[in-house]
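Novice: Chain by chain, the residues:
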Amino acid sequence: MSDSSSSDVAAVGADLAAVGEAGAVEARNKPPEPQRQKGGKMDAKAISHRNLRNGLIFISPNFIGFILLTLLPVLSLFYIAFTKWSAFGMPVFNGLVNWVRLVHDRIFWQTVWHTFYYSLVHIPLTLAIAFGLAVLLNSKLKGRGFFRTVAFMPYVTSMVAAAQVWSMLFDPKSGPINQFLKIFVGDGNVPGWLGSTKWAMPAVIIVGTWREVGYYMILLLAGLQTIPSELYEAAELDGANGWKRFWHVTVPCMRPTLFFVMVTLTIGSFKILDLTLIMTDGGPGTTTEVLAQYIYSVAFDNGDYGYASAVSLVLLFICMVVTLIQFWYNNSKED
Amino acid sequence: MSTQAVAPQLAEAGAVAPEIPFNKKRKSPLKIVGTIIGYIAMIAVAAFTLLPFFWMILSSLKPNNEVYTVPIKWFPSVWQWHNYAAIWTKSNMTTWILNTLFFAIIVTALQVFTGSFAAYGFSKIPFRGHNVLFLIYIATMAVPWQAYMIPQFKMIAAVGLSDTRWSIILLQAFGAFGVFMMKQFYDTIPEDLSEAARLDGLSEFGIYWKIVLPLSGPSIAALAIITFTNTWNDYMGPLIYLRSANLWTIQIGLKQFISQYNADYAMIMTGSVISVLPIIIVFLIGQKQFIEGIATSGMKG
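As given, the protein sequences belong to chains A and B, one line each in that order.
Here our numbering is used: the first residue of the first sequence is 991, the next is one more, and so on.
Here our numbering is used: the first residue of the second sequence is 61, the next is one more, and so on.
In short, the hints are calculated from the structure, not lab data.
Values in this document were obtained by computation on a predicted structure and should not be read as measured data.
A hint or two may mislead.
Unchecked claim - DSBU-like mimics (lysine-lysine), calculated; alpha carbons at most 30 Å apart, straight line:
#1 1130/A with 1234/A
#2 1163/A with 150/B
#3 1132/A with 91/B
#4 1163/A with 1188/A
For reference, chain B alone in the conformation it holds in the complex:
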């Protein structure tokens, strides 16, 4: 009972989904059954997806010895709300969160600025060689970071920037993703618009700033939310680059905390909830942009 144990109920969704009616002019009994199975599949998958979250939150509020019990105990006998107060003194959570916020904000700003700027160049200015240059971007997007993390690390170390804030900023801020995503959007803005502005004597920068940028609010928001989330959740970058504890991000700090308090399960879950909560909130607020951003650009990481 391994993968298969969980898979069948999920796989059902794949087999059943096509039965769902695409138009509802007449409903045969078969279609009604299909709809019902569709709902069951949806509920089953949602439950499976959310279960770890529920378990994490409930465990964070339990006395430590109630996290692992046979038979399983879902709700704490006494709600340990003070876990959430205690963790701030037991760990450097404040430092980690502030560091992570710093990185996430700087990286997001740079990614949005340089990304949208470059995307305008690629999309709206037909300069010689722009196809070739853009092709280079696309080609390297297929190269996983894991394949070139070593030369990148050695280069950043060679100029003395490893174990500084710069390392993480440089690592994250100039990715091809922002350029690609914004170009996808700019390509949908009609050429006539910038053409007219050019005839009116607006400079290229003026067109970008006064016409294209105001139109791209949702795309900018999507890019910003995606970049913020990525930077917040990044583990490998800070793991490789940041040695000094005062620079640690929430992910590195949490991992350290877990190994330090390896039997204090309730406290570990408290830390995990705190590390996940901000990003879930950001996601829930901007989920429309986030999901549409992923759907239109489709490339990430």
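Looking at chain A on its own, in the form it has when it is part of the complex:
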């Protein structure tokens, strides 16, 4: 498909254009200038022209889909969030109406709070466990390959099956978890888990952490393996013990990875949806309803797409801010 349109390029710089195309014979007869070298003005133009065409041909199958299905929806949010758009018909611009409603929407603020609650516990918990396990796997323990696989398994398990199993494990009366806890706190003091307004979110966080620790562990392990072992040897010669080596070699070297993981983890926490939707459906009451789930229910249960888009824009905004803070922080530390 690339050969058909080569004639116009060929007119500008026939020999060079031929290199990139099927004109092998031409190219052999007359050895072309190596591409990166400074050729004539026309040649450079021809190369850049040809590269542009070839580049666009290569990216277009994905790029067209990407523009239509990702970029356009993202950009259109900035308009739809200012419209009234119900189940049928087209969006109608209504200025700041959605936003005024948002400010006074008690459920919206509740879901924001629940999202922050989930994130504020889930992020440090996951990071600490994942980092600990990554350091553990980075040492020369036997069976670490097996362990790596085991720790990763929850991540490839579907949310529906995982949520179902955990819901059953969390059963307040006869679930294995409370039968175990009973030994320590007595029959009357075990948590009610998913049926209790106080314990439902911790239960969700435990499942979220169980599911994701392996993933972040792998990212951190990849970072750990790029640290040159000479650094540790030098530190040891200087008399640094394990703990000191950890703080003065491992942590500084891991800063880029740690921040990347922090961003991924934070955005991942802010966008949780299927976990709460499947496990608790936001309940009991609305105690585990999170921001993304509110978007889902406003749009697909109430058919209020305009308002749901305004809430979506808030989610997008939060994630963008998190990313920007990370980049800013990372750059400022670089100097």
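Starting from the known structure of chain A, fit chain B onto it as the hints suggest.
Specialist: Just chain B, lined up with the frame of chain A:
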């Protein structure tokens, strides 16, 4: 006793791990203790991680009234292997699995093809504006799907494709992830290689097809396994787009099955095992590629 109940034993790993020796020239007693604690932490975490899987499998083989008992009964009194036969007639498991397989295969093929193709364009062809275009990819990867699922849904619905197979294919096949991951790999292939081929008169497509692609087997495998797993496990996409029961995937079907048979716990666990099993097998076979793919690209979902 909430999060904390489970957390301390896990958190121990974080506190203890640094004690593990990085070279083993001499072993002080402290280091040996550290190693032992390291193993204990590893075993504890592995047990905690695997427990739900064991419980799921064992429950799927119990008589229904033995799933919840006080005190807990780990092994069934009679092994109910027939649960695994019964579920195929009690549910539309066959349809769900075939649908899911269809989506997973098509999406994986498209993702690998368009992703590696675009990645070659971004990595190996220095065309004007390629940095800007790639930046757009990266920037949108930071936008969670949950934030733009509504306009996307309305657009796909507007062209009449919601509740068709196309909706799920379009939703999944053109993600930025494949492009990003393959570009990460292509950037490591020396430029000289394609340069030499260009001088020999190979077209760009020829270089991609005959030189770069044969080198990228492991990366392609990683991308394919990750995409397959994602598509198999996707719940929200099919939930939003697929209304007709004959199009349902295993995740939607299983969720439906759970609410329909809400007291038949053993049967629900049987369905869960069947939904998880294929993907665990795929993962175990390709785990090296899968884990390395995650480690090198680090971005997903």
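Novice: Given the hint that residue 1132/A pairs with residue 91/B, test it: the Cα-Cα distance must not exceed 30 Å.
Specialist: Distance ~15 Å between residue 1132/A and residue 91/B Cα, so the pair holds.
Novice: Would the pair residue 1163/A and residue 150/B pass a check requiring their Cα atoms to be no farther apart than 30 Å?
Specialist: Holds, at about 29 Å.
Novice: Quickly compare the C-alpha distance for residue 1130/A and residue 1234/A to 30 Å and report which way the hint goes.
Specialist: Answer holds: residue 1130/A to residue 1234/A is near 19 Å, not above 30 Å.
Novice: Tell me if the straight-line CA distance from residue 1163/A to residue 1188/A falls inside 30 Å.
Specialist: Roughly 17 Å between the alpha carbons, so the hint for residue 1163/A and residue 1188/A holds.
Consistency note: the structure conflicts with none of the earlier hints.
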